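Visitor: Sequence:
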Amino acid sequence: MRIDKFLKNSRLIKRRSVAKEACEQERVFVNEKAAKPGTEVKEGDVIRIQFGNSSVTARVLKLLESSKKEDAATMYEIIE
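Residue numbers 1 to 80, in our numbering, belong to the letters of the sequence shown in order.
These are calculated hints, taken from the structure and not from any lab test. Keep in mind it's a predicted model, so treat the numbers as computed, not measured. Where a beta carbon is used, it is the ideal one built from N, C-alpha and C, also for glycine. Be careful, since some hints might not be right.
Per label pair, the in silico range of CB-to-CB distance [as the list claims (entries may be wrong)]:
id, residue 1, residue 2, range
1, Lys68, Lys33, 15 to 21 Å
2, Glu32, Asn53, 18 to 24 Å
3, Glu32, Ser66, 24 to 30 Å
4, Ala73, Arg16, 16 to 22 Å
5, Glu24, Glu70, 18 to 24 Å
6, Gly52, Arg16, 28 to 34 Å
7, Gly38, Glu70, 16 to 22 Å
8, Lys68, Glu26, 27 to 33 Å
9, Ala72, Arg27, 16 to 22 Å
10, Lys14, Thr57, 14 to 20 Å
11, Ala72, Gly38, 17 to 23 Å
12, Glu26, Lys69, 16 to 22 Å
Cross-link-like lysine-lysine pairs, in silico, DSS-like; alpha carbons within 25 Å at most [claimed, not checked]:
id, residue 1, residue 2
13, Lys69, Lys42
14, Lys68, Lys33
15, Lys5, Lys42
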């Protein structure tokens, strides 16, 4: 699954266009490498997102093509 789609489906970032923009500005990393919007993610990958002065690190637990609000939090676990 594409990183921009995963970020939207998991609700780590609200909109896919915002996720795409974050990737283009090199604020999203997959396994410590800068991610482009089309970067493929798989279960077990570690994603780090930088929001201004803070950052969120999460591990991908499962990939869902579409998710309800309740299911979104089960797609990842926050590491730090």
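Visitor: Quick check: does the Cβ-Cβ distance between Lys14 and Thr57 fall within 14 to 20 Å?
Guide: About 19 Å separates the Cβ atoms of Lys14 and Thr57, which means 14 to 20 Å holds.
Visitor: Glu32 and Asn53, beta-carbon distance inside 18 to 24 Å?
Guide: The hint (18 to 24 Å, Cβ to Cβ) holds, given that Glu32 and Asn53 are roughly 20 Å apart.
Visitor: Hinted pair, alpha-carbon criterion (25 Å max): Lys5, Lys42. Please report holds or violated.
Guide: Judged against 25 Å, a Cα distance of about 12 Å means the pair holds.
Visitor: Indicate whether the distance between the beta carbons of Glu26 and Lys69 respects the range 16 to 22 Å.
Guide: 29 Å, violated
Visitor: Is it true that Ala72 and Gly38 lie within 17 to 23 Å of each other by Cβ?
Guide: 21 Å, holds
Visitor: At the C-beta level, are Ala72 and Arg27 separated by a distance inside 16 to 22 Å?
Guide: Given a distance of about 20 Å, which is inside 16 to 22 Å, the answer is holds.
Visitor: Do the Cβ positions of Gly38 and Glu70 conform to the proposed distance bound of 16 to 22 Å?
Guide: The hinted range 16 to 22 Å is violated for Gly38 and Glu70, with Cβ atoms some 28 Å apart.
Visitor: Starting from the range 24 to 30 Å, see whether the pair Glu32 and Ser66 falls in it by beta-carbon distance.
Guide: 29 Å, holds
Visitor: Using the beta carbons of Glu24 and Glu70, state whether their distance is inside 18 to 24 Å or not.
Guide: 31 Å, violated
Visitor: Assuming the hint says 15 to 21 Å, is it satisfied by the Cβ distance from Lys68 to Lys33 or not?
Guide: 31 Å, violated
Visitor: Hey, Lys68 versus Lys33, does the alpha-carbon distance stay inside 25 Å?
Guide: Violated - the C-alpha atoms of Lys33 and Lys68 are around 29 Å apart, more than 25 Å.
Visitor: Between Ala73 and Arg16, is the Cβ distance one that fits in 16 to 22 Å?
Guide: 18 Å, holds
The structure fails to meet hints 1, 5, 6, 7, 12, 14 from the earlier list, while all remaining hints are met.
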